[in-house]
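Top to bottom, those sequences are chains R and X. Each step along the first sequence adds one to the number in UniProt numbering, with nothing skipped, and position 482 is 482. Each step along the second sequence adds one to the number in UniProt numbering, with nothing skipped, and position 267 is 267.
Hint data in this document are derived by calculation from the structure and do not stem from the laboratory. Glycine included, every Cβ here is placed at the ideal spot set by N, Cα and C. Treat the hints with care, as some may be off.
Said to hold, decoys possible - Sample of chain X residues with no beta-carbon within 10 Å of chain R, all distances over it, derived: (1) 91; (2) 92; (3) 134; (4) 258; (5) 261; (6) 274; (7) 283.
Said to hold, decoys possible - Derived pair list, reagent style DSS-like, types lysine-lysine, alpha-carbon separation capped at 30 Å: (8) R:424 x R:241; (9) X:129 x R:447; (10) R:434 x X:14; (11) X:17 x R:137; (12) R:206 x R:85; (13) R:85 x R:241; (14) R:434 x X:39; (15) R:40 x R:85; (16) R:326 x R:40; (17) R:408 x X:63; (18) X:23 x R:434; (19) X:250 x X:129; (20) R:408 x R:434; (21) R:137 x R:37; (22) R:424 x X:129; (23) R:37 x R:85; (24) R:241 x X:250; (25) X:129 x R:241; (26) R:312 x R:447; (27) R:241 x X:63; (28) R:447 x R:326; (29) R:70 x R:37; (30) R:424 x R:434.
Stated by the list, open to error - Taking beta-carbon pairs under 10 Å as the criterion, some of the chain X residues facing chain R (in silico): (31) 70; (32) 72; (33) 75; (34) 104; (35) 106; (36) 138; (37) 144; (38) 153; (39) 243; (40) 281.
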Amino acid sequence: MPVFEYAPAPESRAVVDIAPSYGLFIDGEFGEAGDGKVFKTLSPSSEEVLSEVAQAGAEDVDRAVKAARKAFATWSALPGSERAKYLFRIARIIQERSRELAVLESLDNGKPIRESRDADLPLVAAHFFYYAGWADKLAYAGYGPDPRPLGVAGQVIPWNFPLLMLAWKVAPALATGNTVVLKPAETTPLSALFFADICRQAGLPKGVVNIVTGDGSTGAELVAHPGVDKVAFTGSTEVGKAIARSVAGTRKKVTLELGGKAANIVFDDAPIDQAVEGIIGGIFFNQGHVCCAGSRLLVQESVQEELLDALKRRMRTLRVGDPLDKNTDIGAINSAEQLARIRALADAGEAEGAERWAPECELPSHGYWFAPTLFTGVTQAHRIAREEIFGPVLSVLTFRTPDEAVAKANNTPYGLSAGIWTEKGSRILAMANKLRAGVIWSNTFNKFDPASPFGGYKESGYGREGGRHGLEAYLAGAAEPTSERSEREGERDR
Amino acid sequence: MKQSDRNDRLSVLKTYKLFVGGKFPRSESGRVYEVTDTKGQWLANAPLASRKDARDAVVAARKAFGGWSGATAYNRGQILYRVAEMLEGRRDQFIREVAEGEGLSRAGATAAVDAAIDRWVWYAGWSDKIAQIAGSANPVAGPYFNLSSPEPTGVVALLAPQESSFLGLVSVIAPAIVTGNTAVVVAAEGAPLPALSLAEVLATSDLPGGVVNLLSGRTAEIAVPLAAHQDVNAIDLAGADAELAVELEKAAAENLKRVLRPQPVDWAADPGTGRLLAFLETKTVWHPMGV
């Protein structure tokens, strides 16, 4: 059979104009960090420096929290219908600028343009639309007749979906009347700074959204700041635990969306071709930089051979390379540090006796790359079956009975997501019941929607984002601190 | 001068015991502590539970979790209602124990016990309704069936409030177990007798062994291993003082336990759904829709 090669089909960079440097966005203004510190953000596919960004220190975080506190009084007092209109404006502007933002996101993060254009950006806009509609309907949400905002939300987001995670955090916070200080990830700060410009275009009042860039130390300052009433974090379980410790004894409300080691379970009656697509999407979407990635494939023994043959055949067709090329399936690993972590874990897989396989593929000479990789002969004791790799590495385990599949799937401290592939409806429902995970995809995988709650059991964190459930994190319950208390603390801070 | 032979009769005292896995063991430590009424009169020697007792209770609660969380909501509701039935028959005993333990008037103790019995009935009714209130069908933008339902979070450690030895106790146990969680309960340190007697009621109410495990002793001593236990999924700090609560919350961070911080609660007021929701997870199931 003749093989038709793809010609390069790069998306133009001309739609996005990246400034050589960016400051912090506090109280509606861009400004330098107090001590003038900066760091560089680069494109992981080429190692080219994209821009220089301010590194916020304790003083800057304090300034941002105070700006948010000041804005809170008027923002929370606005009728919900007015707040809704601001959020609808933001959603519309995101749609208008989605091409520009998709290119920017692919440049700064390394993810394929196909995904930033077709997955990230539509979902970002959809989140603002969804929560906009809640702003004037909060009394109907089931959290009491008089739902109140908490005050200032300190939000720390990861680098895997920079703009989408911003939307997940900012949209429900603003809809419920809170104000926000957001810290984007160190390696992907740019789209959040572009979002600041969207807030300006939308005419959002000053101080309602503040963006402080920086590394983990900036995030720690924000989380620990006494003027913060609500902490929302997405990232590693390790950092999540440190945050849970740091807020102990305070009245801060916390939601944590942490790591996972999802089991993707394939039964012998599964539609094999669809399952293979689901497995591919489950682990290679976004280079595997997904907390709910289906990183443990559990295959029923009787179809193991057939499934693995089909899976390898499909993996040979994956195109790794330039994130801005419209035909690219797998882009760059986000950072040198993350690449080193993936390599170390993959090496541990080999050293512990699992069999490693990757399709032949030529990786670019610059940037951070890792070929899509499959491990067979994996046991539950192997590190690659226990630890979150956060990269394009799939571990294959087998099972014989549904009970064994449940036992193996649940044998992890995580509980974020799981997949089930079978034609039998009663088996889907029985399995879904027994799996200890917050999101169960049956005969599909990695589907997201603003109307659908997302979040984990066990050490995958607490709270839910998205849907009606996502509002709860930003509203005060009967015995919880009110904004009046926050006002008093604000005064003390001033 | 034989006023009444009956009144001279020496009464039979009760040996209070722990309640673990449906059985009534003494503390493995062999320790007891003196329980007095509010005037300092001796009432009983209650078991002084140890760390080992706490760990045994967690094992029992974990073992019971599969069956209890897998039972139908109808069945769980029936059993909670059965607890109320059994309590009604022992109402006088609990009124006496609450009055002695908390130094309440008979009327005050009666009000507390009646409210506690009614609370079991109220929570019994929640068993098959909470999923409808806390769950949702989600209108996602695609051809998918998408449903969110609440599920129990697992084994919950409950530090019963110190100031309300029976109504407060019932108000933390019932919402935790009605949704399918299993519990390890640390009774009010100063007035543990109503809790230990409640165990006798639970044991005869068709509640499977291990669903509720009751320990008496020093709250601080028992709570520390519970907060640090890797097989406990959540902790209610109602009975911890401010300093202890901070220490326990820090320990709970190690496996990201769900923490319900201590807060001022009027135990006589309508409890609302807060305590039900605190120990629930939301599971969302997706399936493609089409022909």
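Are any of the numbered hints broken by this structure? If so, which, sorted upward? Checked against the structure, the hints that fail are numbers 3, 4, 5, 6, 7, 8, 10, 11, 13, 14, 15, 19, 21, 23, 25, 32, 33, 34, 35, while the rest are satisfied.
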